[in-house]
Amino acid sequence: MEVKGSPICLPSKGYQVEAQESPAVVGFVPVQDLLNLARVNALWPLTFGIACCAIEMMAAGVARFDWDRFGIIPRGTPRQADVMVVAGTIPHKLVSTIKTLYDQMPAPKYVIAMGNCAISGGPFSYDGQYAIVNGADKIIPVDVYIPGCPPRPEALLQGFIKIQTKYTKGIIDANRRAEKAARRAKK
Amino acid sequence: MLTAGQKKLLVELKSSLAEAVPEGQISESDYAKKGYHLEVRLDKGGLRRVAQTMLDKRFMLETVTAVDFIDSFELVYLYATYYHQYCRVLTRIRIAKDAQPYSVSAIYPAAIWLEREVYDFFGIRFQEHPDLKRIINPDDADYFPLLKNFGKTKFTDQIDDILC
Amino acid sequence: MVQAGLGEFLFVFIFFIVGLILPLSMVIINFVLGPRVYGEKRLVPYESGVAPIRTAWMQFGASYYLFALIFLAFDVDVLYLFPVLLSYQRGTGFSELVELFIFLFLLTLAIVYAWRKGVFKWK
Amino acid sequence: MLNIKTIDDATINQRVYQLNLGPQHPSTHGVMHLLLTLDGEVVVKIEPIIGYSHRGHEKMAENRIYEQYLPNPARMDYLSGMIFNHGYCMAVEKLCGIEVPRRAEYIRVITSELNRIASHFIGTMDYAMGLGAITPFLWGWDDRENILDLLEMISGSRLTYSYGRFGGVRNDITKEFYDGTRKFIDRLRSRFWDYENLINQNVIFIKRSKEVGVISKEDALAFGVTGPTLRGSGVKYDVRKNEPYSAYPEFKFEIPTRKEGDCLARYQVRMAELEQSVNIIEQALDHLPPGPVRAKVPRFVTPPEGDCYVTFESARGAAGFYIVSDGTRVPYRIKVRAPSFSNLFVLTKICPGHFLADIVAIFGSIDVTVPEIDR
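Protein chains in written order, with the numbering used here: chain A, -8 to 178; chain B, 251 to 414; chain C, 203 to 325; chain D, 6 to 380.
To be clear, the hints were calculated from the coordinates, so they are not data collected in a lab. Check before you lean on any hint, since a few could be wrong.
20 angstroms max Cα-Cα, derived SDA-like pairs, lysine to any residue [to be verified]: (1) D:Lys50 <-> B:Gly255; (2) D:Lys246 <-> B:Gly255; (3) B:Lys383 <-> B:Lys402.
Some chain B residues close to chain A (C-beta under 7 angstroms, calculated; not the full set) [as the list claims (entries may be wrong)]: (4) Gly296; (5) Arg298; (6) Pro395; (7) Gly401.
Cβ atoms here follow ideal geometry from the backbone N, Cα and C, with glycine treated the same way.
Looking at chain A on its own, in the form it has when it is part of the complex (with noise of 0.2 angstroms):
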């Protein structure tokens, strides 16, 4: 009996999108460190659920996690979206939707990716998988891990909170470490 190969899910090419920063803000920190403050204190994610996380992220949005405090409110299109939020497992179907819809939303743009589906394919990976893509990150740039199956509704809030930090204090340590690292190369 002659065995077929089974298409182990290679992972395509990490999808690396350009993004620059406009030119006439590149010199100046504080005015980007002003512009991430901004942008990150209002991350509209995409309504973009595929399975079970897709069901936690509608609880975040609710009356008792209830996301807006952070000013996070769901956009339908992904023209006015910040944020994707990939919840759920990525079958190969799926794949070029979701790089048109990374594609379609505008700059500065976040992902989060939810669950164990999301980060590695989660408990539907294994030897011989033919429908899923292990991981969010094989196909687009990704901001947050949350891991989890499905996350709690805290956990997703808790990403949100992971990408605002990592854009305005996290970007403030590294300057500060890389110029405490500069000062004792030159002693």
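The hints should help you fit chains B, C and D onto chain A, whose structure is shown.
Positioned in the frame of chain A, the structure of chains B, C and D alone reads:
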């Protein structure tokens, strides 16, 4: 422990099925162990005749599925009813790997998509099917996933030692 | 003299200038400060994640046109309410309100006429 | 409603265009792709395209032993995860002939009915949100959170449960769960009056749901429609009553049905089913028998050769597991009968002739979960 209504219905069913599919073996099976009351085993054909009698008796086509027994396929049609007592009939037919059975979509419209799924996962082509194409897997997929020689199953690898 | 004559229309001029500056400034600031991204499917029209099947430039039913006309009737309504706003300070206020409602009533008659003619029934 | 028959082919290919109500759309609950052929605002043809959430559940079943497949059923229909989980355990128990103690059956009924209430809240309130009513969505989810807390107390997860085991359930229910469910039932009974005023008499809601998407009995039979969608068309078929399983014969409850078969009827059936589920839970809590929670079962079950089909009533219809076993510890084939799959394709029969806005209402009223369709 069949109710009186079920016994009457089963007798009626057996007679109309025997007349519709003389060459099929119709046997009653124990609902408590198997989950269906009547089992119709066909070997040459007669799917559409069974489907027609079932529709006349107001049964619904619950599901169509196939099982890959390495050298042949087994098509399983499940009919259930909710008008009389509850009764479920399972129709089994053994077909060769490259056989092309007739589609019952003319009788049950639900079969259009149920048979498309069987084609999508097993590659069994149904004759007289309105538009037989893939339904779940990507359209450009060239593999039929649920075949036993596809991917990793216990027929392609030593599955037992992997699991325990 | 000429300048005095223009006095009343100064606010219209300011209104026009502000109306021009605000949108333009938004566009320019956005262009200057906003980052740029170049995905390959960026300019594909959005149709819930898949490529649209045909271009949007095609024939469509005449009923859409009738709906547009109905909207026009209401829009003109609001347009005429602006001058009413100006003449509001002089009178005691009650008689103007009645005039306003008469004006509105007359215009809604146009809507009722269109409704009777069956514009809203999609044919 | 435009009569489709009058459009002849000449005008069709002139004015007709195709629109994707595609994978990413707020009204398609999940990644469902409806390819609509429209003439102006009226739908001429609708073709649901599925497969955007396919994970290969049935292929996974063929290289795992029965115990390792326990987490999968709850991830197929994650809104009635507990019901699917117990359904899979029932299928293997019937195959191996395992006897389940009565207390475990009662606990299974209680948790399944709680899960059914939570799923119906999503089904009805998402339908209402599809018609633009946001407040009931928030109210429904508020009640749902109480249920999730209760189920999390005993099973540990909120959505994808693995609480059932072959021969019973994993652990007994705690006193806290018992009192919590009692409190929840009283609170929910007082809330039905709120939903009645909030949306059931709302003129817009009724105007957009009445005579929209009527499913006749013959269509339902031909397409194999089951569950609340079928009961909205006047057929009294509920697997808990017609093919009693588990501990359901010991409870008294009715099957609410409506005759009209339109979107409003399906909504009312789901709302009426909430009350029936609450009655069942109350009766189950009153007569909860003592005793063990799990039968003595070998660590790895090895069912005899043969096949069996078990059906159970999920929140969307008559789901079922068809298991073929070849006597080893690994199932030979598991076929899942997804009620959403059959309920979905009745759209192709009833949608032509409606407006585009009604498609959202009809699709919401049929209440499908996409991973259950794609498996």
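*Which of the numbered hints are not met once you compare them with the structure shown?*
Per hint list: 1, 3, 4 and 5 violated.
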